[in-house]
Amino acid sequence: MTSLLEIRDLHVHFRTRDGVVRAVEGARLSVERGRTLGIVGESGSGKSVTALTVMGLTRFPNATITGSIDFDGTDLVTLPDNQMRSVRGQRIAMIFQDPLSSLHPLYKVGWQIVEAIQAHEDVSKGDARARAIEALHEVGIPSPEKRIDSYPHELSGGMRQRVMIAMALVLKPDVLIADEPTTALDVTVQAQILDLIRRLKDEYQTAIVMITHDLGVIAEIADEVAVMYAGRVMERTSRETLFTKPELPYTWGLMRSIPRLDAPRPGRLDSISGMPPSLINLPTGCPFHPRCPYVMDVCLKTEPELLESERDHLVACHLQPADRRRIGRELQTQYRS
Amino acid sequence: MESRNTELVNNAPRPTGPGSVISRLFRSPWALSRGLANSSMFRYVVRRVLWGVAMLVIVSMLTFIIFYLLPSADPAQLRAGKGATPARIAEINHSLGLDKPFYEQYGIYMKKLVLHFDLGYSYHNEVSVKTEIFSRLPVTFSVAIGAFVLWILLGIPVGVISAIKRRSLLDRFTMGASLAAISAPVYWLGLIALFLFSSDIGLIPLFGGSGSYVSFSQDPGGWVNSLILPWFVLAAAFAAFYARMVRGNLIEVMSEDYIRTARAKGLSERRVIFRHGLRAALTPVVTMAGLDLGALFGGAVLTETVFNIPGVGRFAYQSIIDSDLPSIQGTVLFGAFFIISANLIVDILYAFLDPRVRY
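Chains A and B are the protein sequences, given in the same order.
Be aware that the first sequence starts at 895, since it is given in the numbering used here, and climbs by one per residue.
Be aware that the second sequence starts at 270, since it is given in the numbering used here, and climbs by one per residue.
Worth flagging that the hints you see were computed from the coordinates, not collected in a lab.
A couple of the hints might just be wrong.
As the list claims (entries may be wrong) - Pulled a few chain A residues facing chain B out of the computed Cβ check, cut under 10 Å:
| id | residue |
| --- | --- |
| 1 | ARG979 |
| 2 | ILE986 |
| 3 | MET988 |
| 4 | ASP992 |
| 5 | TYR1001 |
| 6 | ILE1071 |
Yeah, the Cβ is synthetic: ideal placement off N, Cα and C, and Gly gets one too.
So here's chain A without its partners, still in its complex pose (with noise of 0.2 Å):
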């Protein structure tokens, strides 16, 4: 199958006064229709940035923007923002970490929604209020017709978020992009919302990019899986591989950090050490090397390209390709027992 995004070689920069921040260097990243797109990384590692530049919402007149974002065969790069703006929300739709910041507070959730769908179809505002309606209905809002009357502050947080995705899916984008949206919620609420995106994707064919920092969000939905380290995709697979054959030591870092219920409670849980890399000021050669348990000499002077290792795997990372996967089978067998 085709892919139905395509991100080809993005680069995002933004200067400012204290240089120029390298928030995305050469994203290669693509979705299908119906499958799950996992990105995964820290705070500042650009999978927020490489998200709204998708949106076309990091067209700010500091920043730079190349390399290609092939969407349904048009370049959204490229494309003048009045086009933008019909694709924006129509076609891909995005919700986002914090539902009740993300939502207007003066507003009732029912106008917020019956906006969205004006801003894109010529229909009266009573059948956009019934499909508004209709669409909290299919996020699992009980007595809609009164909820949509309600303010956001009105409603708890798993509720709030289901009038968000209620609101990016009322018009059926083909791409929705999640950006965290359950780190603000409860356990327990955080597992039915990733519950709904599952069973509207299966139900609407739609693709799904999903943002987070959280490994177990990513075992809960992913498809494909791509890491991301200082605005890099440094390893893409498919989730069953992520999990069984990591190659990356990053990866094997982020691994290791999960508390488990299924083992002897070590000591200390392990961290990676030392902290994410300046965004304008990054390490030569690889951006992981001071923080990588495995450097060696050529880490520090060349930037390991990302290389395909296996069928459907991609790592970019100087290790001999036999030496990862045996490092990576002793540490999933040592993180198992």
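Put chain B on the given structure of chain A with help from the hints.
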């Protein structure tokens, strides 16, 4: 100020609120009266009105005490003129009731005020203070409302444009100019305006000068002509302040998450700014505008004095010069009344502007 008696409540089920009071208006009168008595809004308003009355009593008391504690000219002496005999002064003191202890004087004053809404008579010329103030209120309203309209029409658009074109030449220029306007004292700006544009002494005689006020009913054209300079002078600092406030609020609001959502929905930038940004940025401005207008209804003392406009402000100034306690007391009470009322109105209005505010 607006948040003092209000609170933000999240996740709360909505009891009866201001919205429901309005919806009740459309039902039967019987339901309305029952609903009003039960509504938290109604109880809130009653409580606030009672507090307002208490506040007025305290204000009147303080004015009395300050007048007696602080050294001021002896009203009887002023009244009697130069070279008056002590017997004459004692006589005046007696006829004005000034020979009684001040708490007794206060008691008499309050009794007359409460029972007959009688604000007493001027020590200076025995004119009824109430009549005096009521005859001057339309003048003060003319000054205040005209300036208010001007500063809103100037301040808000300038603020919005500066916020949208942030760091542009236009933004820098208007913000620099507004700083100058805020810093310029009204009496200085007023004199400059008179010196430049007044029809009598101005370099470019365009508008009516000092003391040219005529009432609207007498001569509408003359009314406007006489008030143009005071309006602009009074509005200058307010317009500048509002422009800066609108600019600051709008810039802050435009970085909110819900603005990102509005853009992500594919709305036009114009709609994002005006329906989403400005709607949130103007809510605190409405509060501020109400309070400022209320305060001005009590008299624009400096403007009225500089331009010699016969309003409540200049009357207050003159009463202080004359040590005329009943007139001072009357103008202070009227000023306090307008400020307290404006506070209450603004707080009620806020519940309609921001659904998160509950009483």
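Hint by hint, here is what the structure shows:
1. ARG979: Where the cut-off is 10 Å and the nearest Cβ of chain B is about 5 Å from A:ARG979, the hint holds.
2. ILE986: Because about 9 Å separates A:ILE986 from the closest Cβ in chain B, which is inside the 10 Å limit, the hint holds.
3. MET988: holds, 5 Å
4. ASP992: holds, 6 Å
5. TYR1001: Status holds, d = 8 Å.
6. ILE1071: Check passed: Cβ of A:ILE1071 comes within 9 Å of chain B, closer than 10 Å.
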